[in-house]
Amino acid sequence: MSETYIVGFDGTPQARRAVDHAATLARSSGASLHLVFVLEWSPYSFHTPEELAERHGRREQELDRAHAVVQPVVDELTSGGLTVTSEVRHGNAGDLLCKIASDQNASQIIIGRTGDSALAQRLLGGLVITLAQAAPVPLTVVP
Amino acid sequence: MLKRFLWGAVLLPLLSIAAQAQEAGIDQAISDAIAPIINPFVSAVFYSVPVFGTQFPLIVGWLVIAAVVFTVYFGFIQFRGFKHSIELVRGDYLDPNDAGEVTPFQALATALSGTVGLGNIAGVGVAVYLGGPGATFWMILAGLLGMASKFTECILGVHYRNEYENGTVSGGPMYYLSKGLSESGKAALGKFLAIFFSICCIGGALGGGNMFQANQSFAQISSIIPFFEGKGWLFGLIMAAIVAIVIIGGIKSIARVTEKVVPGMAILYVGAALIIILLNIGSVPAAFGAIFAGAFAPTAVAGGAIGALIQGFKRAAFSNEAGIGSASIAHSAVVTKHPVTEGYVALLEPFIDTVVICTMTSLVIIITGSWVPDSGVTGIALTSKAFEANFAGFGYLLAIAAVLFAFSTMISWSYYGLKAWTYMFGEGQAKEIVFKIIFCVFVVIGSSMSLGPVIDFSDAMIFAMAIANIIGLYMLMPKVKALLADYHEKLASGIIKKMV
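Here the protein sequences come in this chain order: A and B.
Here my numbering is used: the first residue of the first sequence is 1, the next is one more, and so on.
Here my numbering is used: the first residue of the second sequence is 1, the next is one more, and so on.
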């Protein structure tokens, strides 16, 4: 059975570099890639009643938009001869990447270093630290 | 362009009223103008019969009898199902694939932010002032019984909600009254009750969900910032402007800040109450003694035991809204495969709101000895006095808490009112804006009126919602029983199982 690399992907140039790095590794090792797009979401955040009523629709939109960002990359890498799968999930990026890595018996996690906005940088910076401390498998951070 | 025009339409008349008003006079003028309109309505809703020499409003009996009926009909579900409720809120049954949907915790938190508010601070002050310590006993009892009412109405709200193409949902009593009753061939009655409920819901949104909130938070602010004294209209204008920014301007960030601060305030409030209770732990047995003694044989209370009971029941219903139908609107938004889970989650609301938070307020008032019959110190002033007795300067904190509670309650009720409005007049941006403008105008009216007419109007409108809602609940409770049986069958057979 071939190895699996989990790649955190959110459509940013940094995440794209992580994907490219993972693809290069995969070509030489014959591993398959699993792209994970995490939509940050807390089950404990507070909302107004109006937001609750719109939530189901918003969630569908968010999933559609994320899939639209991931799918072209999956197609491109697949046509390049790699085995690539993807998933879009709501939740905490650190928790989810660790859980998916364990569930899929992955051999490593690959993520980009920084996001493109101040907020994304904070989130991704947080992600690097979280994964460095909690990842169940080796972690590669692509600058 | 339209928006700018509408803004002008709201602000110009208000500003000119304000400008003419100068100092005092305007508050009285608004009070005088409104009173003749609302007084007949208030006396109709609170039609009272003499019981043992005191006036007993039939509507209070209506709510309590319904709560007792649901409690018995569902076999004391609020006690038997309490553990299951906690498990649901904790997320034990959440499917990880549904991540990103509204969770039971969020639905509970949002519904609570609509009910935990001034009812818990000011309402309890009114209850203890008028009903004595004994009112607390009846308040707790009403809270425990009300859990069954809320269970019933929230299951129906989810079961009969409308789901639209764009993923949004609309639910609540107006939907289960019309759809549920038409299933059993009573479409005309269902439609009538739904419309009646909607009219009262709009009134309740403008009354208890708005004017009462504005009025009591103004009372607290003006007591600590002398500048505002007698300038209710000015406070109202400021408050109305902030509410307008959120509900008309769609600036969700303000609401979001509030939604984050309000739970913090609630914890702070309950924490302060706990500290005061612990500091005076020696007086707690005596306080409970006064509560039990006062519940059955009160002294210095108008109407004796019945007077205490009426005050306790009234304030509990006003605070936790069980049987009123409002929470059903908020809970309908939750995506769940089983409406019954929302019932279990919702039954925690009266417990947290009334049995825990209201009781704490009441204990603080009683153990600090702040209650002085016929002193005129009532409502939020009484609660404030009780807290100040232990924490100097607590009045400031309470003022901030009051304003934030009031604000979040207004935002919730503006949504409930809006849903009733769109049920009657149809969905549409222009129609929605009309309601939202009316809502903001009532903020100003509420903070300008003296407390009496505001409380009476708030009570009347909110209780009137219960007339239609509870008729519907009685007719639809076999449906709830069937849903409940089906749910427990699935639970027993393992189709629904814990995910963690």
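Since the hints were derived computationally from the structure, they do not count as laboratory data.
Yeah, the Cβ is synthetic: ideal placement off N, Cα and C, and Gly gets one too.
Keep in mind that a hint or two might mislead.
To be verified - Simulated DEER-style distance windows between Cβ atoms:
1. B:P96 to A:D20: 47 to 55 Å
2. B:P263 to A:T140: 38 to 46 Å
3. A:I129 to B:V434: 20 to 28 Å
4. A:G126 to B:E432: 48 to 56 Å
5. A:T130 to B:G185: 57 to 65 Å
6. A:R27 to B:G426: 54 to 62 Å
When you take the CB atoms of B:P263 and A:T140, is the distance between them in 38 to 46 Å?
-> holds, 39 Å
Should the hint that A:I129 and B:V434 are 20 to 28 Å apart at their CB atoms be regarded as holding?
-> Given range 20 to 28 Å: violated, Cβ gap about 51 Å.
Does the Cβ distance between A:T130 and B:G185 fall inside 57 to 65 Å?
-> holds, 59 Å
Evaluate the given range 47 to 55 Å for the C-beta pair formed by B:P96 and A:D20.
-> Cβ of B:P96 to Cβ of A:D20: about 30 Å, so the range 47 to 55 Å is violated.
Per the hint of 48 to 56 Å, is the separation of the Cβ atoms of A:G126 and B:E432 within bounds?
-> This hint is violated: roughly 39 Å between Cβ atoms.
Hint says 54 to 62 Å; check whether the CB-CB distance for A:R27 and B:G426 agrees.
-> At 59 Å between Cβs, range holds.
Violated hints, listed in ascending order, are 1, 3 and 4; each of the other numbered hints is respected by the structure.
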